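The listed protein sequences derive, respectively, from chains A and B. Note that the working numbering has the first sequence beginning at 651, numbered continuously upward. Note that the working numbering has the second sequence beginning at 86, numbered continuously upward.
Worth double-checking, as some hints may not be accurate.
Said to hold, decoys possible - Quick look at which bits of chain B chain A covers, simulated, 3 or more residues with Cβ under 8 Å:
| no. | region |
| --- | --- |
| 1 | 120-129 |
| 2 | 132-140 |
| 3 | 201-212 |
It should be emphasised that the hints constitute simulated quantities derived from the structure, not laboratory data. These figures come from a predicted structure and were not determined experimentally. We treat Cβ as the ideally placed atom computed from N, Cα and C, and that holds for glycine.
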Amino acid sequence: MNDIQQFFLSHLHPIINSLIALVLAPVIGGLLMGLDRKLTARMQGRMGPPLLQPFYDIFKLFSKESMVVHRPQVIYAVCHLLFMMLTLVMLVTGQDLLLTLLVHTFAAISLVLGGMSVRSPYSWIGSQRKILQILAYEPVLILLVLGVRLLNGSFWGINVLQSDTPLIQSMPLLFLALISVIAVEMGKSPFDTASSHHAHQEIVRGINLEYAGPYLALTEISHLYETAIAFGLVLAFWHTCLIGGLVLAVLVFFCLALVDNCFARLTPAWLVRYMWLVPLALALANLICLWR
Amino acid sequence: MTKATAKAPWVVHVNCNSCNGCDIEFLACLTPMYDAERFGVLHIGTPKHADIMVVTGSVNNRNARVLRNLYEQMPSPKVVVAMGVCPATGGIFADGYNVIGGAEKVVPVDVFVPGCPPRPEAMLDGILEGAKILAGKRQNSVTVKPVRRIKIVRPAAPAADPAAAAAAPAPVKEEAK
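Isolated chain A, as found in the complex (with noise of 0.2 Å):
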């Protein structure tokens, strides 16, 4: 146990910890937004929006006069933005982390609803889209954490932390197959068929059309927060040495804006098919390599 770990369990304290992360996830996630449309911009021979472009966006959609369609929209995008920073909280105090993933779930879940509650039909093939997607990377996540309890004999997240050897020693292919899994939560380019920035002629904004302004915004944050805790659990699987952790995120960063900028978007049943086959299979694989 070297002295990060030792740093970070003695300083173990679950209300201020989550308070902390819940401050600091939208900051970092939106600066790795702003980060990432200037590299993609650079990559694309343009200048790009300066850094903090994500936030202007926040607090501009804010500023807005807000029009529903019905209220329980309203409701879907609050739960949306609540079940993503209470993931946030279950993985920073180190809870179950099957738990997790299913509070996680939930929160998709209700991106689901709301896109289904309203009667636009972009709205409604950006969400079974969704649900396709969930399809396809819920069960990669599943045998991660199933990887997680035959390397530790646990499935608390707390008892990695306290482990001494880091995770990417032992699920190599796992962190691969994580890596695909990230991409379709951050709507990466071959992956981002349920909503995406840049389709104006096929769905439009897909899952998120129907919101206009301040909740807009609120689903805005909660995609910052998803991109907070997946560039969180890649740091999590060097936990040992903070600069392999860090290194290990810029690699995921880079090559995640290097295959938005090379691909176009795919087709949704290749996109169940993809993360069936390949993912899936290099999961299993590491599991295999596991069992004793």
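Got chain A sorted already, so can you dock chain B onto it with the hints?
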């Protein structure tokens, strides 16, 4: 908030029977050469997310209703930019039997960008001018106290003109019969 409003104008593009010249030039603004995104401009597909509506083409009786509908779907504060000479006056189609003669007759236009088509630089300038007007509208807007806990941001009511009020006839009370 006002500063952020000026820095992130999202644009929805409405084609009211344009010849597509302005549309192609407008899309050229998004290319690496002109890069509208460096000003935070995003070309967004739905009026519900947009701040600025860019109208191209000569508005006619057929699509005036659509234009009005799209304008009303945008949340306040909002700005309309008339791109090209057609939405300003009707352009070379002004003599057409069905042409209304300008987007101004359907929706309140804030910025006119003349040209057939305008240069991409002029288009970008028009959108940024629209963003400034947008920020001004946000600053002058009043927040109505929410009735159902949903915030409503409306443009401020025009200042009461005492001369006009004096000239107008006093309201006549209806006598109960």
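Now the hints, each set against the structure:
Restraint check on the region 120-129 of chain B versus chain A: 8 residues with Cβ-Cβ distances below 8 Å, three needed, restraint holds. For the region 132-140 of chain B, the stated coverage by chain A holds: 3 residues have a C-beta nearer than 8 Å to a C-beta of that chain, and at least 3 were required. Here's how the region 201-212 of chain B fares: 0 of its residues keep a CB closer than 8 Å to some CB of chain A, so the rule of at least three is not met and the hint is violated.
In this structure, only the earlier hint numbered 3 is contradicted, and the remaining ones agree with it.
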